[in-house]
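Student: Protein sequences appear in the order of chains E and W. Quick note: the first sequence uses UniProt numbering, first residue 1, plus one each step. Quick note: the second sequence uses UniProt numbering, first residue 1, plus one each step.
The hints are simulated quantities; they were obtained by calculation from the structure and are not laboratory data. There could be a bad hint or two in this list.
Claimed, not checked - Counterexamples of contact, computed for chain W against chain E with all Cβ distances above 12 Å:
#: 1; residue: Gly221
#: 2; residue: Leu400
#: 3; residue: Arg411
Unchecked claim - Straight line, CA to CA, 16 Å or less: simulated EDC-like cross-link-like pairs of lysine to aspartate or glutamate:
#: 4; chain 1: W; residue 1: Lys520; chain 2: E; residue 2: Glu503
#: 5; chain 1: E; residue 1: Lys289; chain 2: W; residue 2: Glu421
#: 6; chain 1: E; residue 1: Lys210; chain 2: W; residue 2: Glu421
#: 7; chain 1: E; residue 1: Lys397; chain 2: E; residue 2: Asp383
As the list claims (entries may be wrong) - Covered by chain E, per the in silico footprint, the following chain W stretches (three or more residues, Cβ under 8 Å):
#: 8; segment: 415-422
#: 9; segment: 514-527
#: 10; segment: 555-563
Here the structure is a predicted model, which is why all the values come from computation and not from measurement. Idealized CB from N, CA, C, for every residue including glycine.
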Amino acid sequence: MFNQTPKMTDSLEVGSIVRQSFKRLSPQSLARNPVMMVVGTGTLVTALLGITHLTQGEPAALDFAICAILLFTVLFANGAESVAEARGKAQAGALRATRESLKARKIDIDGDRVREVPATTLRKGDRVLVKPNELIPADGEIVNGAATINESAVTGESAPVLREAGTDNSGVSAGTKVLSDDIVVEVTADPGNSLLDRMIALVEGAKRQKTPSELALSVLLAAMTLIFLIVVVTLVPFAGFVGADPSFSVLVALLVCLIPTTIGGLLPAIGIAGMDRAMRANVIAKSGKAVEVAGSIDTLLLDKTGTITLGDRKAIAFETVQGVAAGTLRDAALLTSLADPTPEGKSVVALARNQGSDVEASEGTDFIEFSASTRMSGIDMPDGRVLRKGATDAIRKFVTENGGHYPDETDRLVERVAKNGATPLVVAEADRVLGIIALSDVIKTGIKERFAKLREMGVKTVMITGDNPLTAAAIAAEAGVDDFVAEATPEQKLDIIRKEQAEGRMVAMMGDGTNDAPALAQADLGLAMNSGTQAAREAGNMVDLDSDPGKLLEVVEIGKQLLITRGSLTTFSLANDVAKYFAILPALFLSSLPALGVLNILNLSNPMNAVLAATIFNALIIPALIPFALKGVRYTPASATQLLRRNLLIFGLGGLLLPFPAIKALDLMLTVAL
Amino acid sequence: MNEVIIIYAVTLLLAWPLGKYIAGVFKGGTGTGGTIFLPLETGLYRLFGVDPSQPMSWQGYGKALLKLHLVLVLIVFGLLMAQGALFLNPDGIDGMSWDLALHTAVSFLTNTNQQHYSGQAQLSYLAHTFGIVTLQVVTPAAGMAALISIVRTLLSRSDKKPQTSSDGTISVGNFYEDITRAIVRVMLPVATVIALILASQGVPNTYEGAQTATPLDQTAGMAVQNIPIGPVAPMVAIKQVGTNGGGWYGPNSSVPLENPTPLSNFVETVSIVLIPAALVFALGFLTGRRRLALVVMGVMVLMSVSLTSVAIWSENQPNAAFAGLTVEGANLEGKEVRFGATATALWGSWTTQTSNGSVNGMHDSFNPIGGMIPMVDMFINVTFGGIGVGLIGYLLFLLLAAFLGSLMIGRAPEIAGKTLEAREMKLVCIALLIQPLLILGFSAITVAFPALTGNSNPGFHGISQVIYEYTSAFANNGSGFEGLGDDTVWWNVTCAVNLALGRFIPILAPLAIAASLAAKRSAPEGRGSLGIDTATFGLMTLAVIVMFTLLSFMPVLILGPIAETLALMS
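Just chain W, with the same shape it has in the complex:
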């Protein structure tokens, strides 16, 4: 128990200064760290031929973001299909099928890292380090850029006139400047520090090919063991700290080579929540709304602690298969004994809250209630959430709560002094509505046509698996429930659709809302207007989040994990 409290405390204590630093980086001018990083950034701007000083409208910003992602996905898609014929492939790994390559490329493009393959066996060093890791650095930075842009446009204090872009519309900033700073000044330095710590703990960091070892005890029938290694430490670092989740090895951080020591497990766990939490503080420093940042943080910590507690409690209960046996103790099926039930449940909860998706144990083997928590975490997806996108998602619920809250105090709906009208509400509703539409829609088709979709898992657990897979894709989480034969054309293509829509609509809609609101006249916030930085409003937002999730997903939760639990009990 103490380790959980310590990990929470250390994470939040580190997030505070990091958040202050991030806010400084984006505060305009050369920003914090400009003297060190600006020459490198200027070089990059020249290399790519972009102008970082040009203000962009929300459409311009969105287009630049989509353009970058389109180029990246084409490169990585080609790389994955052609990797067999390319260099840096000492183990002679073949190219991927088109659908697996598509799914993999989109999955990493959307900061999801859902894997329908096993990393060490199906990716060459080239694909791993230049394809996958590039996306693992760029995509969280893209999320961060979008968040910064939205927060800056939506929540900056009203006394500052909004900037306009060249065509006279409201400017939301410059995408190239935002994403470059996010990569150069935030993602790379933080990941480097973590990579160094992990390397010091014994995580491999080399370009040599797989190692061959001779087992001490050969009675098991294995003469030699082939141990794949490679530049693992940097990848694990960025996968943890960039809410990526896709590891070097298939079993992810449960493998000793990715996660060898208690310290590495501690560092990797903290890394999961570090930047998402720092961004909440950054919101406060960037806009001057520190109270709002604290309230948002309070709500997120409350949700996180509640859900994590349930997961930890559940995993410390015995496995149902042990019923009737005299063996007492935690459910250790699918867990590393060296981490134990509590640390694995904590990881499992955090990794799904943050859309990270890395694992240090198998969620499929969690007790039913414990297995439900990652699913609920992903339905909510704004308990810290993915880098940038988590807080953007929270802002959507904040807008919804502000809409109802304003009405309930007798004012026309508004947020931070800007009126919320049909146009904004349409965008909010679209961004919220596609979640049940895509998750429930695809899951329903999958269970309705098992022959067509290759879904072979029966009963309640089958529903849980299907829902989990699509939820993980939509939430851009990437963790797997496993036990699902998911490398098929159906799964690859439908998940790719879920991934892409689940990524870009919840980014672009709020960007449009922010720009639309910034163009309106803004009323001074006072006693009579809705205080979005009060504890009351924080709790109301929490209630909106809980109600929305509950109303959308209660039936499938009942037919999936809850029915499974009840069936196991009886």
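The shape of chain E in the complex, shown without the other chains:
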């Protein structure tokens, strides 16, 4: 037997992060980030100034001190990116390591010959045979057979799941374990191109693409840097004109303090951390843009089953029409459900047995499976009895076609059951309606509060269900969704998405079936379930390894958190500048223009300490905010205006005020130390 589950490691190595931080000092690496490029250049300039002063026998301590602080500023920024990258890669890397050691039983194209090959040689389209207790060697789709699979390696959930060829649950992931039955899996990705490989590429610096809002923000940061460059350079002639002679090193320090180093240094880390947070929620984003889009979603299309309700509907009651004995309906319901493997069907059997039914199907019975076109299932017995259960209109057609009469009373029963939020199934024997099975949906706990929060955030929720309009309305009201589409087909989802998009909304949906694929591709955010078909996984821009329909809500929050972190730290970074002006400008001119000493409102001890304190603050704030960047700013759902007010107060006003005491404290420490 081969392919055993290996141990996973998940630790951050300090040494490698430090090495990475130094590696990123290379000009090519710095050039990716104009803000840090300026700081890097400033480091060199101050070093040169220091050396010049040394050779001229002038004091150079301040030059070297500033040089060292600037170097640390760049290193801290590099470190932030390295930490984020390492965290992201640790998660995905462990999974990748698993699959690289896997072997595969590859089936040759021409026939049934099976060869053992390393998993890394598998190409898209190859077919492999997987036996019980083996790990699946590559991402793929079951093309033959069905098996229970333990997906805990990817999802952390140890309960086995059923995956079957030709169904909407045919997708399997590399590294998961087959528990029963042989299956044939068709590989769906070339090596280096699997979902995890793509995810790892997204967090790795070199291949990382900037998202649209990241690009736009970079433009703003570059412009601010340019403005401060103009301000500081022109300050030289102005100062000279009034007889002041500012130190060039201090001018460099002023420039670095003014340009948005905080956000400039943390920007890459914030982006990586966003994807990492998605991965921690077991969602694999195919692009950074997908995570960002999640924050801007206006409309959520939610499948009722699994998202709003627990998914497994249970039969709770049988309701007969007049003139039919309770036992007749009960037995008929049981018989029609015998071959129905769904939880619903099983619950009908269980309810009937509980109520004392003991009928069995006799030899020669034909089972009629449920199909999407007939929307009925049932049984043709050897004695000629024809029993069916199904949706109201399907049974109406069936009864009428058999020359029977469909009683109005049935409609009333159906309506009563539906209004209570249960799904009615009508049971009929040939031309006669027997009664109704009431299937009850159990609404997930806490879902109503979640929808209330979404409404608070301005996100519209639309429930998609195959139920009849009455049941849908009852459940929609109970769960608190904004809108619902009843008796929906997968094709309708596409129409709904197009309609919402035409009105300018950003739409998110989750899906698993092949017929969901067009809608997943059309949606701004298409979250495919990992258990879904390959078509669905290809069409979506995110894949949920847990295949949990409720994940959509989490993804929206992760997207918002990412954007808020970016915006808030930008605001914070720019607001910090006021205090730095007050620290450095008086220091710059104190010796030549003593009258400007009044502006030293912090009463800093001396010009040198003032400059150092401001520069050290500017450097230290980067590592201090790394946890913020990685974890994301705390996000609690609220209306846009409330959120704006709160974040402006914390990061705008906070950013304005915080540096004053911080710089003062650093100045006091320097006074004691020097």
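Chain E is fixed; fit chain W onto it per the hints.
Tutor: Relative to the frame of chain E, chain W by itself:
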């Protein structure tokens, strides 16, 4: 104090109906006043051979705007150089040098009216009435047209599909229709009413040559006094109400002939802010975003009142030269005693907030803090601001605030449901960045090479003067700090560059942004999207404006007026 409150109140009360009228004028179809003005406008369209019904792309609109300005600047430049040889020149005034003519032509072309000459002595009646006054009417109308076009394209409610121009791109309207309506239906009628009031107060209104008067007391040594007059009232009216600022006489509205009575001073002061404020209301009426208009107005009034209060307080302090003397009272140096410190400070503050630039006292003689206010006003330049361009400038800051604000509520950056991406942010940044670049850049060169630039003013005050001059040029304000020998080739040419770039880039970039945004799919504005018409967002925009100004200009303010104040105090 009461007079200040009354003037604020009267201005805003008049701006409301005027704004409603302006919105009506541009509301499409024949617009408000069509029955009266349309025949005249149709005549003008025929005369110039333009088609007012043709939708234009933003490039087309911008080209039409630039083309008109190019023709105008060439005509006026030629006129100024040749005025000595032309008619309507009873006082025999000579033509201008090339650089002064260039600066003057560009200055009036950009609605700035920065003057490196003295009006009554260096301009013929022809140059004044046909050259200068034409520009004083046309250029505010051009600013208004650009604003209307931008607002219409950027902020119109999303349920209306944007119009497309002939080549399929987004239409921003028709420049010829917009500017013609602005001139015929807004600028001319409003200016006419004000001219009539001023004429009734005794402002000269004649084509006769200068008058000769015999002083009653000839002991001063002057036998006769030569008093230049002319069609002063209409020019003063349009200079006040069109955020122009260039007066008939060199000392502008401090001269009794431009501003003879308390009523004329009241009317002229109100005229400064009237149309810029009306345009804010017009934004609300035009787009249906009345709350947004009110919030913008609130922010502008807040900025205006704060800055004006400081100026008024400062000018009511004694002049530093009086220190140690027993004389108490306001700083009356360089002020008309008949207006007093408060009315002069109010004018000084408003005229710099609105890029008007007319004066009724000398800003150079303000106390240092009072002298700093006009400078800060011009750095900000969106406290009402110039006609059209002021509100356009405010919209740039609004875009910047919306960018940060959207991120801070967890949405991809957007404004009014349209996503702000790198392309738009580049344009916003260019339009914002050229301000410190040009003002600080040219000022730095000027102070770095005093010999080359002919800058002879030393110390902190020298910095203030240089910064003021370039800021006034860039802000298209036109007020002067004075005391600067500014009729030199260096000053004329560099100011002309500042004037032109400070005018056209902040108009064209937002026009491009508006067109670019209008082409995008627009999301419905709801609870979850950034509410740009909330007080919170208004305050955020204010904070963005203040921070941007502070961060760009704090060092020069410290080395200029603040250092001067501190030096005077110690």
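Student: Against this structure, judge whether each hint is valid.
Tutor: How the hints compare with the structure:
| no. | hint | verdict |
| --- | --- | --- |
| 1 | Gly221 | 41 Å, holds |
| 2 | Leu400 | 8 Å, violated |
| 3 | Arg411 | 5 Å, violated |
| 4 | Lys520(W) x Glu503(E) | 12 Å, holds |
| 5 | Lys289(E) x Glu421(W) | 13 Å, holds |
| 6 | Lys210(E) x Glu421(W) | 12 Å, holds |
| 7 | Lys397(E) x Asp383(E) | 23 Å, violated |
| 8 | 415-422 | holds (count 5) |
| 9 | 514-527 | holds (count 6) |
| 10 | 555-563 | holds (count 6) |
Checked against the numbered hints given earlier, this structure breaks hints 2, 3 and 7; the rest are met.
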